[in-house]
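Visitor: This is what each chain is made of:
Protein chains: 2
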Amino acid sequence: MNAAIVTIGDEILIGQIIDTNSAWIAQQLNLTGVQIKEIRSISDNHQAILNTLRDFESGMDLVVLTGGLGPTKDDITKKSLAEYFESRMVENQEVLIHIGELFKKRGFSLTETNRQQAILPHNCIPLKNNSGTAAGMWFERSGTIFVSMPGVPFEMKGIVNDELLPRLQSMINGNVIIHKTIMTQGVPESYLAAKIKDWEEALPDDIKLAYLPRPGIVRLRMTAIGKNRDYLNVLLQQEEIKLLSIISDDVFATEDISLEQFIGNLLKEKKLSLSTAESCTGGNIASSLTSVAGSSAYFIGSVVAYSNEIKINELGVSKDDIENYGAVSEKVVTAMAQNVRIKMKTDFGIATSGIAGPSGGTEEKPVGTTWIAVSSAEKCIARRFNFGEHRGRTIDRATLTSLNMLRKIILGIEIKP
Amino acid sequence: MNAAIVTIGDEILIGQIIDTNSAWIAQQLNLTGVQIKEIRSISDNHQAILNTLRDFESGMDLVVLTGGLGPTKDDITKKSLAEYFESRMVENQEVLIHIGELFKKRGFSLTETNRQQAILPHNCIPLKNNSGTAAGMWFERSGTIFVSMPGVPFEMKGIVNDELLPRLQSMINGNVIIHKTIMTQGVPESYLAAKIKDWEEALPDDIKLAYLPRPGIVRLRMTAIGKNRDYLNVLLQQEEIKLLSIISDDVFATEDISLEQFIGNLLKEKKLSLSTAESCTGGNIASSLTSVAGSSAYFIGSVVAYSNEIKINELGVSKDDIENYGAVSEKVVTAMAQNVRIKMKTDFGIATSGIAGPSGGTEEKPVGTTWIAVSSAEKCIARRFNFGEHRGRTIDRATLTSLNMLRKIILGIEIKP
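Order-wise, the sequence lines are chains A and B. Residues 1 to 417 in the working numbering are what the first sequence lists, from first letter to last. Residues 1001 to 1417 in the working numbering are what the second sequence lists, from first letter to last.
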């Protein structure tokens, strides 16, 4: 089953809000085996809506529209659908009763504007909106299903879960789509591609590969499409094993999970604790760790030592070392990692010291130069990196790289020089 | 000038990533006076790309495409454009040199895959990508401009700012568009709208108002469009004065600047220094302050005290106070702010302690309850807030609110209880 998702509303076209509805709907439909061919955002304008309905009627099995169904002036979607499907407008008793009950619960009485929301095209099936007054609508014509829902995310999600998905599931008996995501850290996309070129070219036709890069992270997503779920699962597993035999050093997880979440799960499971001593990352490692709910179980605290004085007074770094080697040095970052771990009585300590830029670089230590150390009771490993000239990216990459070094140490994986 | 924005990539159609590029591009183009008519996400599939190019060539003046330009195999956009515009592929020396320099800086050598990125259609103008290897491309045919850029957000943004907008601005003549942005903190959009309703309704026709909310911040953007720049400037200034007479308490800046950048400028200008003691914000205040280039001039450091033990040992909080009042209390947050300031020898100290959630709430202190204190040599002001039940939003709001409290204290503005 092929589908298009359409979002109606000028607020998206001027960039005032980001369309998060479409991604959520796409995910849900995808899990049901529906393949999304296009996502479109259009103006809340009669002609634009009619054009889009016409565009999709021939090529799509399903068209999902959100937006433009509210009680206020911009209730243009219902009107346009009624014209397109040549509908008479009739008051739907069931919907009217539901709206009345909703208002009673909230202690308001029904206004005329609200009553009008129960007036629907005669040739649609209303989809119940348990969280709001604008019902969804289901039309069918020449083999294409059109579903219209309000744009308010929790109302839309309610209709999708309660009404749309159950109806679709009972209709679909075609292809299954399965995804497998492999998370890599620290390798540029082009390097990864060169490494896995032969494997990629030998992939069976049922499997497609996509590279999804973000700063410091590349996700490799395999998508298998076919009739037989068990067969596709075996196929994906085989390819995953082959892939990992090539790039296992670069992989931190075989599911779509953030590195900070992965580290959190690992520390929690092994009942280990962590502290950080941050210079160039400026609290970003701590902030990324504590963005995970439940992080207080393993993350104890951090000293953000932006000035040398704090490195000396709070982290016991030797003044002589800073003078002789500079704050961005193996000596200093090692002392930071060891001492924060001891000071905060944790199993591990992470430390960073680098030149995030844009200024402060030298020939010997250009902008982007960063030392990272991870310390445990047994050892302290420090490595030097260059994360480039972009301040925000250097901070992000240093954060991810330090967490990945920690992961390797916990799991006993060698960290290459 | 009418435009369409096209995002190419299956990862959006399966809902794995949310398309934030389009909203950002729409905003930027909008500011330049370009009107977005449609935003479309399509598959990274040759035929889908050709169909879309054809669809838009007749109706649009500008088509902006992102995605599918990386160095790897799934990068189909360049091939499709070359076919559509009947291009010969030629190696572009300038682009090749740029790619070589980028790799040299990062300490990698050029692979064959990277060299291929310098091979471009002969009939496009390359748009320089200062942050990456995939150049943008500018094509023109029958009055329509087609611009293709990589999908990685910071690379795309660089090309838009450095290349696309300057080119468009020099092409568009006619109306002048001037914007004035007023930054507010801590007031929900609906409250702000109610406060300024009368002013908004009396705005002259030449001025449009947009509410641009993010967690904790609402930007109010006035846009004036007309022929005469001086006249529009006077008009905007008058409306700004009227607006500030109503909501000056809620405004932290009258230009589009982040609160952390504003605080940075303020501290630098007044030669003042700052440290933070963070519990529930977990390093996010430090991280947000140090995201600003040059922040080492005023930000000294932070103690992220996620556990009570660190609050006691590193920040001198009394164990009795934690037992009697709880870690989320005025007593504790005040001690944290005072002691971090003294310990780090700074002019100001900020402290936070709260329940970010999702668990840990009680009837007396539900999830979202947060104490914030700002301390100076003269005084320490602490306030209690409830930032709601969403963990990430509570952290962001606490960060912004604490910075805004600091701003008010520096500028001698009363902080209401």
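Hints may contain errors.
Unchecked claim - Taking lysine-lysine and the DSS-like style, the derived pairs with C-alpha atoms no more than 25 Å apart in a straight line are: (1) A/Lys345 with B/Lys1319; (2) B/Lys1319 with A/Lys365; (3) A/Lys197 with B/Lys1037.
Unchecked claim - A short list of chain B residues far from chain A (calculated; beta carbon distances all over 10 Å): (4) Glu1140; (5) Thr1181; (6) Leu1266; (7) Ser1302; (8) Ser1329; (9) Lys1345; (10) Glu1364.
To be clear, the hints were calculated from the coordinates, so they are not data collected in a lab. Predicted model, so just to flag it, every value in this text is computed and none were measured. By construction, the Cβ of each residue, glycine as well, lies at the ideal position given by its N, Cα and C atoms.
Visitor: Would you mind marking each hint as holding or not holding in the structure?
Guide: Here's how the hints hold up against the structure:
Straight-line distance between C-alpha atoms of A/Lys345 and B/Lys1319 comes to about 18 Å, which keeps the hinted pair within the 25 Å bound. A threshold of 25 Å between alpha carbons decides the hint, and for B/Lys1319 with A/Lys365 the separation of about 44 Å lies outside it, so the pair is violated. Between the alpha carbons of A/Lys197 and B/Lys1037 the distance comes to roughly 40 Å, so the proposed pair goes past 25 Å and is violated. At roughly 24 Å from the closest C-beta of chain A, the C-beta of B/Glu1140 stays outside 10 Å, upholding its exclusion from the interface.
Distance check on B/Thr1181: its Cβ is at least 13 Å (rounded) from any Cβ of chain A, clearing the 10 Å threshold; non-interface status holds. With a cut of 10 Å on Cβ distances, B/Leu1266 stays outside the contact zone with chain A, its closest approach being about 18 Å. With a closest Cβ-Cβ approach of about 4 Å to chain A, B/Ser1302 is found to fall inside the 10 Å limit, against its non-interface label. Consistency note on B/Ser1329: stated as away from chain A, and its beta-carbon is indeed over 10 Å from all of that chain's, at 17 Å minimum.
A Cβ of chain A approaches the Cβ of B/Lys1345 within 10 Å, the least distance being about 8 Å, so the stated non-interface status is violated. No Cβ of chain A approaches the Cβ of B/Glu1364 within 10 Å, the least distance being about 20 Å, so the stated non-interface status holds.
When the structure is compared with the earlier hints, violations turn up for hints 2, 3, 7 and 9 and for no others.
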